[in-house]
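> Next come the chains, spelled out residue by residue.
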Amino acid sequence: DTGVSQNPRHKITKRGQNVTFRCDPISEHNRLYWYRQTLGQGPEFLTYFQNEAQLEKSRLLSDRFSAERPKGSFSTLEIQRTEQGDSAMYLCASSSTRGRTGELFFGEGSRLTVL
Amino acid sequence: AQKVTQAQTEISVVEKEDVTLDCVYETRDTTYYLFWYKQPPSGELVFLIRRNSFDEQNEISGRYSWNFQKSTSSFNFTITASQVVDSAVYFCALSEWGSSNTGKLIFGQGTTLQVKP
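Same order as they appear, the protein sequences are chains A and B. If you count the first sequence from 1, you need to add 236 to reach this note's numbering. If you count the second sequence from 1, you need to add 11 to reach this note's numbering.
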């Protein structure tokens with residue numbers, strides 16, 4: 237049974253560069269979420285997909301952030317013109333509409349460090 | 012506004028001790044869900060329990076138990092006879108009814124539990 241997979245696990249970049257993270261959810265899950273977690277804090281919701289449709293976006297998701305889920309399977313989160321404040325762990329989670337509401341299955345995260 | 016507060020930043024216990032992690036929440040909704048998630052050192056959050064606001068029955072699952080008290084807006088988590096493998100960061104989270112289908116959880120800051128042998 238494959239869980240949620242995220243790549244890369246770690247990314248170090250210079251301010252101003254673009255970065256892209258990929259998330260492969262559990263195969264039968266039609267819902268996919270992105271969260272951000274900074275050091276010592278709980279995860280913060282960024283966005284939510286049901287199949288390929290992006291149904292909700294947080295105000296935290298500035299214009300420099302874009303998320304896609306083109307075929308309703310894997311998802312990408314791109315950050316353009318990175319800033320030091322973007323340094324965080326980016327968590328992906330998935331769930332099924334047939335599962336328990338709020339029971340999310342998380343990946344191990346992609347840690348971004350912006351120098 | 013929705014808010015989850017976990018006042019205990021870090022707790023350290025010796026193996027076999029009981030430990031309670033506190034969680035206080037704020038919401039204007041009368042219908043909502045509460046959750047506990049565990050984040051081990053590997054990083055992935057693991058779902059432990061979900062409670063809806065209509066169900067104030069306490070729940071026990073093995074060494075874990077949860078006490079939900081609507082009157083004090085608290086949803087505390089107790090680990091009985093703690094083990095080293097329980098060492099992790101534990102998060103309490105809230106989802107309002109309208110957000111429950113979007114997976115939009117409001118997490119507390121987390122409590123780091125260290126269980127020493």
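Any given hint could be a false lead.
[Unchecked claim] DEER-style ranges, computed between Cβ atoms: (1) B:PRO51 with A:PRO244: 14 to 22 Å; (2) A:GLY321 with B:GLN94: 34 to 42 Å; (3) B:PRO51 with A:GLY321: 43 to 51 Å; (4) A:GLY321 with B:GLN13: 42 to 50 Å; (5) B:SER23 with A:PRO306: 45 to 53 Å; (6) B:THR91 with A:THR238: 31 to 39 Å; (7) A:SER332 with B:PRO51: 29 to 37 Å; (8) B:ASN78 with A:LEU296: 30 to 38 Å; (9) A:THR333 with B:GLU70: 37 to 45 Å.
To be clear, the hints were calculated from the coordinates, so they are not data collected in a lab. Idealized CB from N, CA, C, for every residue including glycine.
> Now tell me if each hint is right for this structure.
Hint check results:
{"no.": "1", "hint": "B:PRO51 with A:PRO244: 14 to 22 Å", "verdict": "21 Å, holds"}
{"no.": "2", "hint": "A:GLY321 with B:GLN94: 34 to 42 Å", "verdict": "38 Å, holds"}
{"no.": "3", "hint": "B:PRO51 with A:GLY321: 43 to 51 Å", "verdict": "27 Å, violated"}
{"no.": "4", "hint": "A:GLY321 with B:GLN13: 42 to 50 Å", "verdict": "23 Å, violated"}
{"no.": "5", "hint": "B:SER23 with A:PRO306: 45 to 53 Å", "verdict": "46 Å, holds"}
{"no.": "6", "hint": "B:THR91 with A:THR238: 31 to 39 Å", "verdict": "33 Å, holds"}
{"no.": "7", "hint": "A:SER332 with B:PRO51: 29 to 37 Å", "verdict": "23 Å, violated"}
{"no.": "8", "hint": "B:ASN78 with A:LEU296: 30 to 38 Å", "verdict": "32 Å, holds"}
{"no.": "9", "hint": "A:THR333 with B:GLU70: 37 to 45 Å", "verdict": "24 Å, violated"}
In summary, the structure is inconsistent with hints 3, 4, 7, 9 from the numbered list given earlier, while agreeing with the others.
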